[in-house]
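Trainee: Using the sequences and the hints given, assemble the complete structure.
2 protein chains.
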Amino acid sequence: MNNKSSHLRKYLEPAQGCVCFTIRKSARAITQLYEEALRPTGLRATQFTLLVATRVMGTVTISNLAKGLVMDRTTLTRNMKPLEKKGFIRILPGREDRREREVTLTLAGQKILSAALPLWKTVQQSVVESLGQNRVTRLMKDLSVTIQLAEAE
Amino acid sequence: MNNKSSHLRKYLEPAQGCVCFTIRKSARAITQLYEEALRPTGLRATQFTLLVATRVMGTVTISNLAKGLVMDRTTLTRNMKPLEKKGFIRILPGREDRREREVTLTLAGQKILSAALPLWKTVQQSVVESLGQNRVTRLMKDLSVTIQLAEAE
DNA sequence: TCATTTTATGTGTATATGCTCCTATTATTA
DNA sequence: TAATAATAGGAGCATATACACATAAAATGA
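As they're listed, the protein sequences go chains V and S.
Numbers 15 to 167, taken from my numbering, label the letters of the first sequence in order.
Numbers 15 to 167, taken from my numbering, label the letters of the second sequence in order.
It cannot be assumed that every hint is accurate.
The list cannot tell twin chains apart, which means a pair is met if one copy fits it or any two copies do.
What the hints assert, rightly or not - Here are the computed lysine-lysine pairs in the PhoX-like style, where the Cα-Cα straight-line distance is at most 25 Å:
no. : residue 1 : residue 2
1   : K125      : K95
2   : K81       : K155
3   : K24       : K125
Don't read these hints as lab results, they were simulated from the structure.
Mentor: Listed below in structure tokens is the structure:
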């Protein structure tokens, strides 16, 4: 046994068994598929998510939206920038509380979202078919528990 | 039913059922836990991963390492920069093939890795305990299948 | 051998991520 | 009510991510 492999055993577990690494790797992998599918719209995976979330939540503040996305508040602010620049969302000062900033989907935002929806549906169905509905359902549940772990902090 | 919610139904599935969104959200959440744990070492989650991978693979080229990590080659090149700057890895031109660049762990890299290992172990065990070993095992398997989906491209 | 192709890598650009420190506004309390 | 605390948000900084394009070197083929 040479010097290189003498203590390798120690590092096989953090290499292969690390929950963080595996989830991050999977995030990179799955993002490839969705971004490939959304490319005709010019939307990134995150951007599609933000538009959908804004659509579902209606007019919403930065912090509330960030909580729902388990995303840092400052990250969300910056992620909104490209969408605002393209005119898909509008950010206005809160009327009741002037500290707040209210995010709203514009008409252009609704249009791009409508265009993106069938593309999302296609790749989503493709992924569900490849993985199998049972595995997807199970995976989503298990990931939800993982997410709650961080939310509990 | 007002105008706002009239077609909301369409967007509940992409909001709650999107595999990409859920995995990415989970990646953000779990990364918080591991980076919090690794903070005393000054290593980010990705950096710890890169050091471990380099340790396990021994001297390795950028492209081969990128394949193993399911990470874009150019992403890996840039991710290596902070580690190189801190002296944890060394990148040298390939001796046989001068196009290649060989990544090696330095002594300082081995030291920081040794220091980080128990911190990783603690947070990993904590996560496994919180999620339950069964769920973790299942989750890792399901995520592996997801990763293979992108590798098949 | 020399032209062509393939391979390994880097750069420019844009977005994604979150921590620390800062300001403005609202809420609380002495 | 005035001082203080709490809250919402932004800016600076560093890292993470990957596509398009460019370069250098090795492999291939006529």
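Trainee: Hints first: check each against the structure and report whether it holds.
Mentor: Hints, one by one, checked against the model:
1. In the homo-oligomer, the alpha carbons of K125 and K95 lie at most 25 Å apart inside one protomer (18 Å), although the nearest pairing across protomers, at 41 Å, exceeds that limit.
2. Proximity of K81 to K155 under the C-alpha cut-off of 25 Å is restricted to the intra-copy arrangement: shortest distance 19 Å within a copy versus 29 Å between copies.
3. In this assembly of identical chains, the alpha carbons of K24 and K125 lie at most 25 Å apart only when taken from different copies (14 Å versus 53 Å within one copy).
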